[in-house]
Structure formats: C-alpha cells, structure tokens
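Construct all of the structure, not just a fragment, from the sequences and the given hints.
Quick note, the sequence shown lines up with residues 25 to 370 if you use the working numbering.
By construction, these hints were calculated from the structure, which means they are not laboratory data.
All clues stand as given, with none of them false.
Simulated pairs of lysine to any residue, SDA-like, Cα-Cα distance not exceeding 25 Å:
1. K33 - W224
2. K229 - R359
3. K33 - S190
4. K187 - T106
5. K336 - R252
6. K201 - P300
7. K187 - G64
8. K339 - L171
Simulated restraints, written as ranges between beta carbons of each label pair:
9. H284 - L185: 42 to 48 Å
10. E335 - I308: 25 to 31 Å
11. T272 - P67: 46 to 52 Å
12. T272 - S94: 35 to 41 Å
13. G220 - T297: 27 to 33 Å
14. D111 - Y283: 45 to 51 Å
15. N324 - H362: 41 to 47 Å
16. W224 - T296: 32 to 38 Å
17. Q186 - G103: 20 to 26 Å
18. R269 - I308: 25 to 31 Å
19. N324 - G103: 42 to 48 Å
20. H115 - C323: 33 to 39 Å
21. H313 - V138: 39 to 45 Å
22. H295 - T338: 29 to 35 Å
Glycine is no exception: its CB is placed at the ideal position from the N, C-alpha and C atoms.
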Amino acid sequence: MEEKNESLKVQFSLIDEYLAMGTVGRKGFRMFYFGNISIGTPPKQFSVLFDTGSSDLWVSSVFCHDPGCSKHRLFNPRGSTTFQMTDRHMHFCNELGDITGFFGRDIVRIGDLVIMNQTFALTYRQISKILPFVPFEGVLGLGYPSLATSRIIPVFDSLMLQKVISEPVFAFYLNNKEKNGSVVMLGGVDHSYYKGELNWVPVSKSLYWQITVDRISMNGKVIGCSSRCQAILDTGTAFVHGPTRLITNIQRLVRARPYHGCQYLISCHVHTTIPPIIFTINGIDYPMHPEDYIVTSTCNLCFSAFLGGTEKVTKSETWILGDAFLRRYFSVFDRGNHRIGLAPAV
Numbered sequence: 025m026e027e028k029n030e031s032l033k034v035q036f037s038l039i040d041e042y043l044a045m046g047t048v049g050r051k052g053f054r055m056f057y058f059g060n061i062s063i064g065t066p067p068k069q070f071s072v073l074f075d076t077g078s079s080d081l082w083v084s085s086v087f088c089h090d091p092g093c094s095k096h097r098l099f100n101p102r103g104s105t106t107f108q109m110t111d112r113h114m115h116f117c118n119e120l121g122d123i124t125g126f127f128g129r130d131i132v133r134i135g136d137l138v139i140m141n142q143t144f145a146l147t148y149r150q151i152s153k154i155l156p157f158v159p160f161e162g163v164l165g166l167g168y169p170s171l172a173t174s175r176i177i178p179v180f181d182s183l184m185l186q187k188v189i190s191e192p193v194f195a196f197y198l199n200n201k202e203k204n205g206s207v208v209m210l211g212g213v214d215h216s217y218y219k220g221e222l223n224w225v226p227v228s229k230s231l232y233w234q235i236t237v238d239r240i241s242m243n244g245k246v247i248g249c250s251s252r253c254q255a256i257l258d259t260g261t262a263f264v265h266g267p268t269r270l271i272t273n274i275q276r277l278v279r280a281r282p283y284h285g286c287q288y289l290i291s292c293h294v295h296t297t298i299p300p301i302i303f304t305i306n307g308i309d310y311p312m313h314p315e316d317y318i319v320t321s322t323c324n325l326c327f328s329a330f331l332g333g334t335e336k337v338t339k340s341e342t343w344i345l346g347d348a349f350l351r352r353y354f355s356v357f358d359r360g361n362h363r364i365g366l367a368p369a370v
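Printed below as a string of structure tokens:
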C-alpha cells in the first residue's frame, strides 16, 4: 500500500472529560474522537464520530428538539438544493442513547472526497444522557454493509463504488497526547504513523470488524480467551469490554476497586508495579501497558479501562477492543481483502 496525499486524511479532535449522567454526584467517564464532514449544497459542516462499530451516517436535524440536539449544529434539508427525501426510517439504541430519524440523500464531503447521493439519517429524537454534552452532531459508521440499517449503502462503500478512492482501505491513528493529533485515512495508508511492519489478521465475520484472538494473558498466565475467542475492533468505544466474570478478575489483578456502576477506580501511581495485559492475535503479542488501561480523568481520579457486559449481547466469549487498545496500535481496515493490519503506533 502506497502512501496517499494529505486530502485523504481527516484530523481528529479528542474530548476526554466527565459527562453528567443525570444523577447528582454520579458521573460517567467517556472519551470520543471526532472529525468534520460537510453535507448538502451549499455544504454545511458537522462534527461526527468515526465509528468502526456501526455502518450508518446520521446527524442531528432541525426536527429534533430534545436536549441531545439543542446545543448542536442541525441539518436543515430545506437549506440544501441537492437534498432528496426517502420513505425509510431508522431507530436504534446504543451507548449514545435512543436515536430515531428518517433517511435522506445528499452530497457528503470528507475533506476533498466527494460522495454523490449518499443516504444518511436525519434524527428527530435523541433520548440520551451523553449527547447533550459532546461536541459532535452525529456518527459516521465504517462497519460492513450487513450492519447498516434498511440495507442502505454505507459511506465507505459509496467511496469504493463511486471510485472516489483508489484503494479499499482506511486507517486510524489515535493519539491522546495531542488534542488534534489523531487522524483517519481514507483510501490509503501513511506509513509514518506506525513502527515496524503491519501484522495482518483475517476478519472472522463480515458484520463488525471482528477477529479471532488466541488468548489474553498477564504474567504468563491466561486470564481470558483460554480456548480462543472473538474480538471486535471498535473506534466508537472508549474502553475494552469483555465478559463480566473475566473483567472482574482483571480488575482484581490490576488492583482496581469498584466505584459507581460498572466503573473501577485504580491508583494513578501503579504504572511501574503492575504488568501489561497481553492480547495474542494470530500468533503475535499485543501488550496493553498500564498507561494504556489506566485512564486519568479531569478530576485527578484514575479509572480502569476494562469494562464488563459483553455476555449480555452474545453467549460466546467476545471482547470489544476500543480506543484504549487502538491508541497503542495503528490500525488498517482492508475491505478488499477482509483483514485488519496492526502495528505499534508512533
């Protein structure tokens, strides 16, 4: 894969702060990476979360009057001369909230890349404890088409079908040291963002960006995935999620203690006394070091980046490798060969 020009790179911003969850004295820590796109004619700019864990593009619209929309830029279809209405609707629930909207079509621009007649959702209902406090107006999903609502063509598929990009790949460099130091690359890979060689892992199921993990270990002992398991690489998820039983054991091993709900507090000063947690994938070890899984909040508290709960959505052992993992490893998502490339980020 050759290095592509700057027009294919979208700069990310990072928000890492406590977000009020609606209960006095109880707050939830979230981290999101977001970048800008534009929709319509004339183009109107929106900040969106680039999310490998979903496949739809949606933005808040002028028809939404919920608190989750009130402080954001809103798309007005009457303000675009190229907007087309459809008769399809969307509804889903996830960690962002309960989202309802309808689909339309318009021109979508990502940097210098122009997509004609892209189907996207305009929300008119956003029941959420998170969205009122985040500085983005929507989500741009980069998952497989089989994950999309109502069989719509996702943005990345449109880029491929309309031959806007020369290679069917995209890549993420996530950085928490610089507020604007993260990048998503569409249609090519800039090799200066990683060290060594990319190690390729086949996608095990073309729905999410899902792979097979050999084992998870700490201090030479297997602490998860003892008989191989599945993992989803998800840029829209801040932390690393796994089965509650195994996560509870990990919290004990890293000396974290229960805080509120599913959150665990951990000492901010144990980086040198606890070992890495190693994910072995396709025969290659990918350590998560304490600085990766100890997250410092704006209130000078530190939290474990491990959360449970995946057993609620699947019976088989499944992990979600979110931004806490992906900040350590540069990631390339290759739709042409259905594989993911990983290498240590610079």
